[in-house]
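Participant: Sequence:
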Amino acid sequence: MPAGKTFALTDIVVQNPQGDAGTLTVSSQDGQLLNLALENFRDSDYHFVTPIQVPAKSKVTISVSCREVGKPVKAPRPTQCVESLFLGGLLSADAPARN
Numbered sequence: 009m010p011a012g013k014t015f016a017l018t019d020i021v022v023q024n025p026q027g028d029a030g031t032l033t034v035s036s037q038d039g040q041l042l043n044l045a046l047e048n049f050r051d052s053d054y055h056f057v058t059p060i061q062v063p064a065k066s067k068v069t070i071s072v073s074c075r076e077v078g079k080p081v082k083a084p085r086p087t088q089c090v091e092s093l094f095l096g097g098l099l100s101a102d103a104p105a106r107n
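Under our numbering, the first residue of the sequence shown carries the number 9, and numbering increases by one thereafter.
Among the hints, a few may not be true.
The calculated DSBU-like cross-link candidates involving lysine-lysine, where the alpha carbons are at most 35 Å apart (straight line), are [said to hold, decoys possible]:
| hint | residue 1 | residue 2 |
| --- | --- | --- |
| 1 | Lys67 | Lys13 |
| 2 | Lys13 | Lys82 |
| 3 | Lys79 | Lys67 |
Derived Cβ-Cβ restraints for the label pairs, each shown as a range [stated by the list, open to error]:
| hint | residue 1 | residue 2 | range |
| --- | --- | --- | --- |
| 4 | Asp38 | Ser92 | 21 to 27 Å |
| 5 | Glu76 | Asp53 | 32 to 38 Å |
| 6 | Arg85 | Asn43 | 23 to 29 Å |
| 7 | Pro84 | Val21 | 22 to 28 Å |
| 8 | Asp102 | Phe49 | 15 to 21 Å |
| 9 | Val21 | Glu76 | 34 to 40 Å |
Simulated from the structure, these hints should not be mistaken for laboratory data.
For each residue, glycine too, the CB sits at the ideal point set by N, CA and C.
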C-alpha cells in the first residue's frame, strides 16, 4: 500500500480455471488470510463484514504451490498451473496524528 494510505480489504476472489492441485495462500503483514487446497475450488469468493486493514507500506501477497497441473474439460493439458486473485476494498488516507 502507498505511504499515507490504508486499504480496507472487503472482498477476495480466487480462481483455479484449470483445476490444478496444490495450495494457494493469501497473506498480509499479519500472516495468512486464507490457505486453500486448489483441488477444492475452481472459483471462490470471500466477503468480509469487518474489513481486513492493510496499513501503509504493507502488502497482500499470493503464493501458489503447484502439485499437479489440471486438465480443463475438452482442452489440451496446459504446461503450468494458472491461478488468479482479485482484491476489493477501499483505499483511504490515514488520519493525521493527534498531539
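Participant: Determine for every hint whether it applies to the structure shown.
Facilitator: Consistency of the hints with the structure:
With a CA separation close to 12 Å, the supplied pair Lys67 and Lys13 stays within the 35 Å bound. Between the alpha carbons of Lys13 and Lys82 the distance comes to roughly 46 Å, so the proposed pair goes past 35 Å and is violated. Proximity of Lys79 to Lys67 is assessed by CA-CA distance (about 32 Å); at most 35 Å being required, the pair is judged to hold. Separated by about 23 Å at the C-beta atoms, Asp38 and Ser92 satisfy the suggested range of 21 to 27 Å.
A beta carbon spacing of about 24 Å between Glu76 and Asp53 contradicts the range 32 to 38 Å that was offered as a hint. As the Cβ distance of Arg85 to Asn43 is approximately 26 Å, the hint placing it in 23 to 29 Å holds. At roughly 26 Å, the beta carbons of Pro84 and Val21 sit within the given window of 22 to 28 Å. Taking 15 to 21 Å as the suggested C-beta distance range, the pair Asp102 and Phe49 does not conform, at roughly 35 Å.
Take Val21 and Glu76: their Cβ atoms lie about 23 Å apart, and the range 34 to 40 Å is violated.
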